[in-house]
Structure formats: C-alpha cells, structure tokens
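A.B. asks: First to last, the protein sequences are chains A and B. Count the first sequence with the numbering used here and you get residues 2 to 115, in order. Count the second sequence with the numbering used here and you get residues 578 to 692, in order.
Honestly, the hints are just simulated from the structure, not real lab data. Don't take every hint at face value.
What the hints assert, rightly or not - Straight-line alpha carbon distances no greater than 35 Å define the calculated DSBU-like cross-link-like pairs of lysine-lysine that follow:
no.: 1; chain 1: B; residue 1: Lys626; chain 2: A; residue 2: Lys19
no.: 2; chain 1: B; residue 1: Lys679; chain 2: A; residue 2: Lys19
no.: 3; chain 1: A; residue 1: Lys20; chain 2: B; residue 2: Lys654
no.: 4; chain 1: A; residue 1: Lys23; chain 2: B; residue 2: Lys646
no.: 5; chain 1: B; residue 1: Lys599; chain 2: A; residue 2: Lys39
no.: 6; chain 1: B; residue 1: Lys654; chain 2: B; residue 2: Lys679
no.: 7; chain 1: A; residue 1: Lys54; chain 2: B; residue 2: Lys654
no.: 8; chain 1: B; residue 1: Lys646; chain 2: A; residue 2: Lys20
no.: 9; chain 1: B; residue 1: Lys646; chain 2: A; residue 2: Lys10
no.: 10; chain 1: A; residue 1: Lys103; chain 2: A; residue 2: Lys23
As the list claims (entries may be wrong) - What the simulated footprint calls covered on chain B by chain A, stretch by stretch (three residues with Cβ under 8 Å from a Cβ of chain A suffice, anywhere in the stretch; the number is not a length):
no.: 11; region: 605 to 619
no.: 12; region: 679 to 689
As the list claims (entries may be wrong) - Simulated restraints, written as ranges between beta carbons of each label pair:
no.: 13; chain 1: B; residue 1: Tyr616; chain 2: A; residue 2: Ser21; range: 37 to 45 Å
no.: 14; chain 1: B; residue 1: Ser661; chain 2: A; residue 2: Met16; range: 23 to 31 Å
no.: 15; chain 1: A; residue 1: Lys54; chain 2: B; residue 2: Val672; range: 37 to 45 Å
no.: 16; chain 1: A; residue 1: Asn58; chain 2: B; residue 2: Gln587; range: 30 to 38 Å
The structure presented is a predicted model; accordingly, all values stated were derived computationally and were not measured. Beta carbons are placed, not taken as given, at the ideal position from N, Cα and C, and that holds for glycine.
Given next are the chains, with one letter for each unit.
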Amino acid sequence: DTEVTQTPKHLVMGMTNKKSLKCEQHMGHRAMYWYKQKAKKPPELMFVYSYEKLSINESVPSRFSPECPNSSLLNLHLHALQPEDSALYLCASSQAGATNEKLFFGSGTQLSVL
Amino acid sequence: AQSVAQPEDQVNVAEGNPLTVKCTYSVSGNPYLFWYVQYPNRGLQFLLKYITGDNLVKGSYGFEAEFNKSQTSFHLKKPSALVSDSALYFCAVRVPSGGYQKVTFGTGTKLQVIP
C-alpha cells in the first residue's frame, strides 16, 4: 500500500463551523505533513509531525489545529475559518530519520469557506 | 537560504517533440533537488531526485533531469512529449532539517502538450 488517503475530498463550511480533515497512510512512515495550496501556486508547508510529535508549525493561525493520534493518522481540525482559508489542503508522508526521501502526497481536500 | 526558481509559468510543446522545463537553484552546501508533477485536482507525485552522483537522473514516466553545478540548474527533460504529460510541474529543494523532509517548492510550470 503506497497511498496516502485523505477525506473528505470536498468540504464546504461556514465561518462558524467546526470540521476536521483526515489523513491516513499505512506505509510505516513516521513523518507526516499538512500543506496548503492555493490555485496555480506551490504548496505551502503548515505542520510537520515526526514520530507523532509536532516538529514544525509554520506560524499557522490557531484556527487550524493539527493532531496526530497514532503513527498512521493525521487530522487537521478547523474552527472559525475565514474565506481566504479556502484552498486545497494536502497531506503527505515520508520515512522519518532518513535523509532526502520523497514525499508521498494524498489527493487533497478542496475546502471552501463561505 | 535554500530556494529554487522556475522562470516559465507555462511551456507549450507539440506532441512527439522533446520538452524541457527549467529550474535553477540557490543553496548553501550540497543541493538535494526534486521534481514533482501535479495533475488537475490531485496531489503531487514524485518524479525524480538528485542527491549525488551522475548528473543525469532518470525518473518516472520517461522523464529525466540534468544537474549542472556551474549553471546551478536542474532542468527536467523528456525526449518525446505525450499529451498525457500535460500537468503542473514543481521543482523543489530540501531544506536542512531533522528527521523529516522539509522542502521548498518552486512556483510551478504548467506544461501543455499540444496534439
């Protein structure tokens, strides 16, 4: 299994809603990532988890809250988002402790904030 | 700071012709360079990487990339383009970090292969 699975594929939410994005992989990867991608732009790193511990938070607003409950799962909890948060949210994974390994990406969640 | 630049927003090429997507890099120390491809409404897929060794790196789907240290370039190439190669291509450089892959992506180049 060389897939990173993200659910849901599409999400529409209001600014007062609370929702969660889910990411799952069964490749034994111990590093997992959240990226945000605006249309026709490169992905921007948001968070990195290494061995289930938060290693990087790229100054992301607190309305985004990541969670890594176990080595296969990564969640992104959303609360009180703004319309400018509408984007494609990508999850990725890689081997941890290894240098220069490739990232495996999921297909993303297309988020629209109304 | 580690960075990559993709000077072309879009590249158009006729089917069957060779294609080149350009990337230049700016790094301190040894560069760790990658190419990823993104098809519409999909995540990124790894194509190839250069770490060390031969300057010509071969990757997935018939793509290859040439590392040129003197020109600080890492151009993506394919001898004969297919319509199915039409996609968004990102060059990336690994930023020194701990036991995870922190990469910085270029701005992307849209490849359009014309039948």
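A.B. asks: Could you run down the list of hints and mark each one as holding or not?
C.D. replies: Status of the hints after comparison with the structure:
| no. | hint | verdict |
| --- | --- | --- |
| 1 | Lys626(B) <-> Lys19(A) | violated, 39 Å |
| 2 | Lys679(B) <-> Lys19(A) | holds, 29 Å |
| 3 | Lys20(A) <-> Lys654(B) | violated, 42 Å |
| 4 | Lys23(A) <-> Lys646(B) | violated, 41 Å |
| 5 | Lys599(B) <-> Lys39(A) | holds, 22 Å |
| 6 | Lys654(B) <-> Lys679(B) | holds, 25 Å |
| 7 | Lys54(A) <-> Lys654(B) | violated, 39 Å |
| 8 | Lys646(B) <-> Lys20(A) | violated, 47 Å |
| 9 | Lys646(B) <-> Lys10(A) | violated, 41 Å |
| 10 | Lys103(A) <-> Lys23(A) | holds, 21 Å |
| 11 | 605 to 619 | holds (count 5) |
| 12 | 679 to 689 | holds (count 7) |
| 13 | Tyr616(B) <-> Ser21(A): 37 to 45 Å | violated, 26 Å |
| 14 | Ser661(B) <-> Met16(A): 23 to 31 Å | violated, 40 Å |
| 15 | Lys54(A) <-> Val672(B): 37 to 45 Å | violated, 19 Å |
| 16 | Asn58(A) <-> Gln587(B): 30 to 38 Å | holds, 34 Å |
The structure fails hints 1, 3, 4, 7, 8, 9, 13, 14 and 15 (numbered hints given earlier, in ascending order).
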